[in-house]
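Engineer: In the order they appear, the protein sequences are chains G and U. Those letters in the first sequence? Residues 15 to 227, per this note's numbering, in order. Those letters in the second sequence? Residues 15 to 227, per this note's numbering, in order.
Don't read these hints as lab results, they were simulated from the structure. Careful: at least some of the hints might be erroneous.
Copies of the same chain are indistinguishable here, so a pair counts whether it falls within one copy or spans any two.
[What the hints assert, rightly or not] Distance condition first, Cα-Cα at most 30 angstroms in a straight line; then the derived DSS-like pairs of lysine-lysine:
| id | residue 1 | residue 2 |
| --- | --- | --- |
| 1 | Lys100 | Lys137 |
| 2 | Lys169 | Lys145 |
| 3 | Lys124 | Lys104 |
| 4 | Lys124 | Lys48 |
| 5 | Lys169 | Lys104 |
| 6 | Lys137 | Lys104 |
| 7 | Lys48 | Lys137 |
| 8 | Lys82 | Lys104 |
| 9 | Lys169 | Lys48 |
| 10 | Lys169 | Lys100 |
None of these values were measured; they are calculated from a predicted model.
Number of protein chains: 2
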Amino acid sequence: MDIETLSPSDIERRSMEIIESEMGDTSRLSETEKLVVKRVIHATADFDYLDNMRFSENAADIGLEALKNGAVIVTDTNMALSGISKPALKTLGCEAVCFMADEDVAAQAKASCMTRAAVSMDKAARLFGGKNVIFAVGNAPTALIRIHELIGEGKLSPSLIIGVPVGFVNVVQSKELIMSGSTPYIVAAGRKGGSTVAAAVCNALLYQLYERK
Amino acid sequence: MDIETLSPSDIERRSMEIIESEMGDTSRLSETEKLVVKRVIHATADFDYLDNMRFSENAADIGLEALKNGAVIVTDTNMALSGISKPALKTLGCEAVCFMADEDVAAQAKASCMTRAAVSMDKAARLFGGKNVIFAVGNAPTALIRIHELIGEGKLSPSLIIGVPVGFVNVVQSKELIMSGSTPYIVAAGRKGGSTVAAAVCNALLYQLYERK
Chain G
15 MDIETLSPSD IERRSMEIIE SEMGDTSRLS ETEKLVVKRV IHATADFDYL
65 DNMRFSENAA DIGLEALKNG AVIVTDTNMA LSGISKPALK TLGCEAVCFM
115 ADEDVAAQAK ASCMTRAAVS MDKAARLFGG KNVIFAVGNA PTALIRIHEL
165 IGEGKLSPSL IIGVPVGFVN VVQSKELIMS GSTPYIVAAG RKGGSTVAAA
215 VCNALLYQLY ERK
Chain U
15 MDIETLSPSD IERRSMEIIE SEMGDTSRLS ETEKLVVKRV IHATADFDYL
65 DNMRFSENAA DIGLEALKNG AVIVTDTNMA LSGISKPALK TLGCEAVCFM
115 ADEDVAAQAK ASCMTRAAVS MDKAARLFGG KNVIFAVGNA PTALIRIHEL
165 IGEGKLSPSL IIGVPVGFVN VVQSKELIMS GSTPYIVAAG RKGGSTVAAA
215 VCNALLYQLY ERK
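Taking the hints into account, I'd like the entire structure generated from these sequences.
Structural biologist: Here it is in structure tokens:
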């Protein structure tokens with residue numbers, strides 16, 4: 015196999031063409047949902063996400079609306095935060111934050127025997143409880159579980175939950191919890207997911223609203 | 015399915031037990047290689063990596079030696095950089111860097127029609143050419159291709175190349191290039207990989223040398 019000489023934008027277009035040609039039947043997906051799934055496959059080269067990605071009704075379009083209206087994206091890892099397009103956020107008047115490395119979060123986690131991920135969701139609820147917030151959880155099921163509890167307690171009403179933690183313990187359950195709720199969600203059902211998937215879902219939405227140079 | 019109440023360290027131990035029990039035959043792997051593969055599966059929930067992960071002779075142990083001797087890890091994304099354990103790096107006297115967002119790299123990429131990833135490898139060669147350096151490439155095949163060229167030009171002699179870019183264009187070829195060379199490598203053969211995989215390989219090695227609290 016020879017190496018193809020292509021510009022970065024051509025590489026991405028060619029990649030998306032390959033993904034499209036190998037995806038098979040995508041009739042269950044809306045246009046926006048399909049863009050999300052394609053970008054997740056682009057980030058993982060894993061076509062399992064074609065089946066795994068679950069969207070509550072109009073969730074992807076609800077996400078677009080939230081971003082048009084300056085949403086704050088809260089992640090559960092600095093890695094996911096690092097992967098979300100900063101130029102797109104800036105242009106749209108959105109921001110992305112992660113509280114995992116904050117000292118107050120670490121201290122409260124230690125004192126309360128909660129995970130830092132769960133405590134960082136409490137911090138998000140205090141700061142953005144009634145605001146236009148999107149959660150993008152790529153790592154910690156405890157973050158998803160805490161979001162579900164905070165919604166139940168009336169302390170949070172997110173515009174969208176992107177629930178794509180990866181792993182083997184409590185991951186499937188935490189995603190089922192989110193899919194049982196009434197908050198719009200984009201979830202990677204099963205064990206798979208991760209910070210790259212969380213960032214890819216965010217970027218798929220952002221890139222619909224922002225033309226990259 | 016009920017949610018299990020476990021501490022973070024218990025969750026990780028339990029996760030590794032599940033991975034171990036589902037991995038099947040691992041007799042082709044050394045002990046250190048197995049730890050690398052397990053951590054990659056832990057980061058992706060994708061057992062394809064059991065077959066995909068390729069190690070040149072003693073590469074995992076060579077990586078451990080490099081880290082014991084204060085290696086610099088160069089990544090091709092800030093996302094991978096963000097996922098590598100900072101406490102472990104600090105304790106071992108190692109550091110991790112990424113030049114992708116540097117202004118001089120952006121300017122040179124524009125001027126030379128190279129990708130920023132490739133140019134950032136040139137910068138690494140200038141700064142660390144003869145030093146103990148580990149490359150951890152989770153995104154850009156052009157980074158791997160440039161590393162291969164720089165080695166050929168005598169401008170780089172890395173201790174280890176972690177070659178795990180993800181994608182559909184030039185990714186497989188770039189990995190084959192690295193596997194055809196004489197520099198120790200850990201490669202995820204095929205299309206799969208990513209920044210989380212790059213970070214997981216680094217952390218698998220770091221955690222052998224550093225006891226987490």
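Engineer: Next step is simple, just say for each hint if it's right about the structure.
Structural biologist: Quick rundown of the hints versus the structure:
1. Lys100 x Lys137: Cα proximity of Lys100 and Lys137: in one copy and across copies (22 angstroms, 24 angstroms).
2. Lys169 x Lys145: Within one copy only: 11 angstroms inside a chain, 53 angstroms across chains, cut-off 30 angstroms.
3. Lys124 x Lys104: between (34 angstroms within a copy, 22 angstroms between copies)
4. Lys124 x Lys48: Intra 41 angstroms, inter 32 angstroms, cutoff 30 angstroms: neither.
5. Lys169 x Lys104: within (27 angstroms within a copy, 38 angstroms between copies)
6. Lys137 x Lys104: Both ways: Lys137 and Lys104 sit 23 angstroms apart in one copy and 28 angstroms across, limit 30 angstroms.
7. Lys48 x Lys137: This pair counts as neither: shortest intra-copy Cα distance 33 angstroms, inter-copy 38 angstroms.
8. Lys82 x Lys104: within (12 angstroms within a copy, 41 angstroms between copies)
9. Lys169 x Lys48: For Lys169 and Lys48, the Cα distance exceeds 30 angstroms both inside one copy (32 angstroms) and across copies (44 angstroms).
10. Lys169 x Lys100: within (28 angstroms within a copy, 33 angstroms between copies)
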